[in-house]
Amino acid sequence: MTRTQEGRSEERVCRPAHAPGLPSLRTAARLPAAFYERETTTVARELLGRILVRRLEGELLAGVIVETEAYGPDDPASHAWRGETRRNAVMFGPPGRLYVYLTYGMHWCMNAVTGPPGIGEAVLIRALEPLAGLEAMRRNRGGVPDRLLCSGPARACQALGITGAENGADLAGDAVYILEERVPVERVAAGPRIGIRHAVERPWRFHIPGSPHVSRR
DNA sequence: AGGATGATTCTCT
DNA sequence: GAGAATCATCCTT
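Under the working numbering, the first residue of the first sequence carries the number 922, and numbering increases by one thereafter.
Any given hint could turn out to be false.
Said to hold, decoys possible - Per label pair, the in silico range of CB-to-CB distance:
hint: 1; residue 1: Pro1113; residue 2: Ala949; range: 31 to 37 Å
hint: 2; residue 1: Pro1037; residue 2: Pro1066; range: 38 to 44 Å
hint: 3; residue 1: Arg1007; residue 2: Gly1063; range: 20 to 26 Å
hint: 4; residue 1: Gly1039; residue 2: Arg1060; range: 20 to 26 Å
hint: 5; residue 1: Tyr1025; residue 2: Gly979; range: 27 to 33 Å
hint: 6; residue 1: Arg1138; residue 2: Gly1089; range: 29 to 35 Å
It is worth saying that the hints were derived from the structure and are not from the lab. All of these numbers come straight from a predicted model, not from anything done at the bench. Backbone N, C-alpha and C fix where the C-beta goes; we use that ideal spot for every residue, glycine too.
Assemble the whole structure, with the sequences as input and the hints as a guide.
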């Protein structure tokens, strides 16, 4: 346990930014499009433990993906359910792109597009374990406890400064990218997705059990 | 042109 | 556990 400036007690949550064995955030290989061009639930599981990197104003922010949700195939809960529209068009494009949308008028959420072109499927990135650029994340998130910096799809986007401007970005590019190397993931838990009205029974939410950074403890 | 609707978060009880 | 905030998008007149 450590003490924050405000005196709250909280768990020590972050891996050392330069721990041995962690890849270089700038130069390490990124996941190729072929990784994403597979069954969406498989991609959702295998994104856990990968490092998502955000280049923001010359600074590198990063976090380990600890929670995801699969959307598709044949999924009434998916934005793609009623076909392609202007908002969800990126979902129907090539895999390995970022699909960013606005919900409730104020919250951005990000997805990794999966499956072959023409198929509208994606993986919602729901939570990250902050790894680098924590000062910027704290700034972007308004000084909440570190455990809450990226513990939800909109929180993660706010922490990383991801908005509609990043919609369609190539995840093998330089603005937002995901590394190929994976930190050890002991177990993966599967359960119902959060906040949806349709197809609530499908166990398409995946997370690393025990992580203090998932959206629900 | 207008109304309904969220893959959420925060604050309060 | 409930309610509000807040608006781009989508679907119906």
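Against the structure, the hints come out as follows:
1. Pro1113 and Ala949 have their C-beta atoms about 34 Å apart, which keeps the hinted 31 to 37 Å range intact.
2. Between Pro1037 and Pro1066 the CB atoms are about 41 Å apart, so this pair conforms to the stated range of 38 to 44 Å.
3. For Arg1007 and Gly1063, the hinted distance range of 20 to 26 Å is not satisfied, since their beta carbons lie about 31 Å from each other.
4. The supplied range of 20 to 26 Å is broken by Gly1039 and Arg1060, whose beta-carbon atoms lie about 40 Å from each other.
5. Taking the beta carbon of each, Tyr1025 and Gly979 are about 31 Å apart, inside 27 to 33 Å as hinted.
6. At about 33 Å, the CB distance of Arg1138 to Gly1089 agrees with the hint of 29 to 35 Å.
Hint compliance for this structure: hints 3 and 4 are not met, and every other hint is.
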